[in-house]
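J.: Listed here are the chains, written in short residue letters.
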Amino acid sequence: MQSSGNKFVGLWQKLFGDPIRAFGVVSVLFLISLAIAPAKNRFSEWGHYQKGYVRLIRGRGEAVTLQRHFQSGIQQIWLPDLGVVDRCTTCHVGQKEASLIDVSTQPFRRHPVIPHTSEQMGCVICHRGQGPATTVEEAHRSTLAWEQPILPARYIESSCGQCHRAPLTGTPQLNEGHRLLTRYGCVHCHTVKQPDGNSLKATDDPPSLSHIADKTTRQWVFAWLKDPQAYAASATMPNFKLSDNDARDISAFLIANSTPIPGDTASNSSPAQKAAPDPTAGASLYGESFCASCHAVQNAAGNVVGGDVGPELTRIGTKAKPEWLQAWIRNPRIYDPGTEMPHYRFTDQQAAVLTGFLQAKADPDLLANVHLDAATPEQIAHGRTLVTDYGCASCHEISGIKKPENFAPELTRIGSKPSSQLIFLPGMQHTLPDYIVNKIKQPRAFGSGLKMPQYSFNPAQIDALTTQLLSFTDRAQSVPNSLAVAATPASNYQPAGKAGQLMNDLACFSCHAINGRGGNMAPDLTWEGSSVQRKWLEDFLRNPNTLRPALIRRMPKFNLTNEEISTLSDYIMTVYQTPAFERDSMPESGYSSAQVEQGRQLFYSKYACQSCHIVDPKADKGYIGPTLTQVGARLNAAWIYHWMKNPQALRPGTGEPNRNMSDDDARGLTAFMMSQKGSGKQEAKK
Amino acid sequence: MTRQLAIRIGLVCLALACSGCNRKSGTAHLAPAPSKYGTAIVESSGGKQIAAAGTTLPQPVIVQVNDEQGNAVTGAAVQFGGPAGVVFDPQNGITDSSGQLSSNVSLGPQAGRYQISAATITKDKKVVEVKLEEIALGYQQILGRQLNDQYCSRCHDPESTPERVSNYDNLAVKPHPFTEGETLNKMSDEDLTAIIGHGGPALNKSPLMPPYGYTLSKTDIQALISYIRTVSDPPYRVPGIVYAQK
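Top line first, the protein sequences correspond to chains A and B.
The first sequence begins at 1 in our numbering and counts up by one.
The second sequence begins at 1001 in our numbering and counts up by one.
Some hints could be false.
Said to hold, decoys possible - If the Cβ cut is set under 7 Å, some of the chain A residues that face chain B in the computed set are:
(1) Pro112
(2) Pro459
(3) Ser611
(4) Ile624
Unchecked claim - Simulated DEER-style distance windows between Cβ atoms:
(5) Lys606(A) / Tyr1236(B): 30 to 38 Å
(6) Asp474(A) / Lys1174(B): 50 to 58 Å
(7) Gly1085(B) / Lys403(A): 45 to 53 Å
(8) Ala445(A) / Gly1081(B): 29 to 37 Å
(9) Tyr1236(B) / Pro337(A): 53 to 61 Å
(10) Lys1174(B) / Gly653(A): 25 to 33 Å
(11) Lys1174(B) / Arg444(A): 49 to 57 Å
Please keep in mind that the hints were generated in silico from the structure rather than gathered at the bench.
Each residue gets a CB set at the ideal place from its N, CA and C atoms; glycine is no exception.
From just these sequences and the hints, can you work out the full model?
T.: Structure, rendered in structure tokens:
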């Protein structure tokens, strides 16, 4: 101990005994410590990648340009407004070089073409990860200090949704996720507040259960509760995995709680009801009424064919009581005033035929094993408790049960939830996307007593939903207004007066959109009054015919009275006018034969309209656009003229391109179109 | 003394347990043992699919193992493989009663073509494989595909479905389907831009092709061309890349 102490004193004396020597030694130590920083840089990970990049570009034809663009050292994109400090471009050096299209190795790959630049947005807003990090591990994976890993490419569209709140053409997965989130009722239970303060609204319309005993039996309710998809493969109601006893008690409560509505069941005494159901008549009425535009039926091959506006009808005969079904077909608004189903104005005879046809769509196996004893008061009371516990009233109206507020966790910022706050199942990757996927896939596996039901989504749908949920980030809430692209505002447009009532009764908005409200199955009618001639509109409402031969979804016949037709036509012709032009600015007739002939030439040679439209049914074949044999009796001349000038301005997104036509050509074509008044056959003879 | 012995025994036990664990987890990654062997492997379905980069293909990839007579072999081992980033679910397995194995395939994060393979071992330990090609779309191509669905496919895609009837057969001059690489690969990006923007007459072709330059933006047309290039068959090769020293 003593000797080593002496040694140390000796060494100290040797180095620092003499002031000049001490100065020399300190200088050397200082020099060494100064050299550490450059050496660290020289042997850093990013330095290694930058050297690799220089080697890569040296051998290429455009080496000089690439070398001029290249800057060594740490690169940084700093966007204070967005809170972005990204050093990713330190290693991802070639991401902006269009000529590196053939390079597939990272980190030198060229960034694919997107509508934004890295100078504008940085990198982590879309890709997540740690912007300021300068090592591969810290930038891409979650570490102890930083836990935001890179977002897998599978969910990249979620990043667009942070600022773009309206659907984008380039993000089909995100759009589908949004559709599923609102269509499958997720937002009935989970609140999703949007940055504008509004909550996301569901687009499905779960039926009221307050009068369910009028419509169906307790046995069916039991079978449905046990497995909704066993009744209808396309059912949007999820499976709550109820025990037999729980399903028994809930069905007991719902039936006991139901109150009848006068008039929603047809009396069995009318002779029409007794008429033997004629299967062929029923099938053809079902077809003529275009029920399949909204309702699907599973065919023999197991495919669900038809629309998804209304419920699937594959086993409707097992569900609906015949007397209720017949009354529903006669006028669905008695049972459900807000239904999307039109009031068809069927005769008693027709309603009976259709009821018979639908009653035959039954599956006795569904209820074969359902045996329920009469409900006891205890069961009914227990059923009420269960209905409250499972939050049934979040989606369905049930008389006597209040709609619960904030029944499930709010998802407004789910996309930024730190993984330290998540519970992972064994075998899962510890990332937020994996958590969301598994939570949708097997919600009840995350603990006992969880209430979230089991959905039957396919993997693509789960990915789409996850993409949408990942877009609900902290950043989405704090994006500056200058960058946010607002969602299309929801429209609650309601036409006025008698015509408005009639349009609600006929459920026009289930298929047609007007002023931003309504479906997209049929044409937008916002400017219909500028577009068509009144006589044609009246004839069409009386007996709708097909404008586009290639369509399978068509306007049904509603059996309207003359008075109703005239009310509707008056309203459409007066109110639904475009401000873009005067309806009467072009004459309906009186075009010279020279003008018509000029139009014909333009139609067939210069603009080759026959590729999509038919004027002469013998020669023309195109059937993408509407048939034009009677267009002169259907459309307004000024509408045709302005349509020729720019169809996209009158109906954005329509298939017909803008031809940038001269006024002269547009006038000629209008003359030719107006000459087509349904005499196509005679003209063909000439 | 006894304490040391106990520690030693403890250590040996621990080592044994560890090696046991290792072996177990090791076998889990290996392919299950085949009970039968085939001589050939063929694609049943799932090749040439299109999906967004990083996402799962719409249909699973199904391959079939056959013997010399061309009969399906049940119980043969199949191993899927592909470039980095491609994920198979499952990665390997045993053919079912119809001699087939199906796997859900997720493509890598980069847009472009992915060649994936499915391999089986024959009785004499030879590896036979079948190669399939799948296409991943990036942002630009996804946008292009949407525009194609909206404006182009009604005429350019000859396939008709009840939901979307094709107009191809009605046209006097037939349009080129976008997969027709033999014709379209010969056209430069400038030619395609001209014909999309100004219609067929721009290149002295049929006026049945209308101009879309007043309807689609420049970005839209570029996206469309990028999509056409991605789906073309045979694949499109970018012209004019110069390799100075290679």
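J.: Do the numbers back the hint for Pro112(A), that is, is its least Cβ distance to chain B under 7 Å?
T.: 4 Å, holds
J.: Okay, Asp474(A) versus Lys1174(B) on CB: inside 50 to 58 Å?
T.: 54 Å Cβ-Cβ, so the 50 to 58 Å window holds.
J.: Hey, does the Ile624(A) contact hint survive, CB to chain B under 7 Å?
T.: 5 Å, holds
J.: Kindly confirm whether 25 to 33 Å is satisfied by the beta carbon distance between Lys1174(B) and Gly653(A).
T.: 26 Å, holds
J.: Tell me if the beta carbons of Gly1085(B) and Lys403(A) are separated by a distance inside 45 to 53 Å.
T.: 46 Å, holds
J.: Double-check Ser611(A) for me: the hint is only fine if its C-beta lies closer than 7 Å to a C-beta in chain B.
T.: 4 Å, holds
J.: Starting from the range 29 to 37 Å, see whether the pair Ala445(A) and Gly1081(B) falls in it by beta-carbon distance.
T.: 31 Å, holds
J.: Honestly, do Tyr1236(B) and Pro337(A) meet the 53 to 61 Å range at C-beta?
T.: Since the Cβ atoms of Tyr1236(B) and Pro337(A) sit about 58 Å apart, the hinted range of 53 to 61 Å holds.
J.: Indicate whether the distance between the beta carbons of Lys606(A) and Tyr1236(B) respects the range 30 to 38 Å.
T.: Hint holds: Cβ distance 32 Å, inside 30 to 38 Å.
J.: Taking the beta carbons of Lys1174(B) and Arg444(A), is their distance inside 49 to 57 Å?
T.: Because 55 Å falls inside the window, the suggested range holds.
J.: Hint Pro459(A) vs chain B: min CB-CB distance below 7 Å?
T.: 5 Å, holds
Going through the hint list in order, the structure satisfies each hint without exception.
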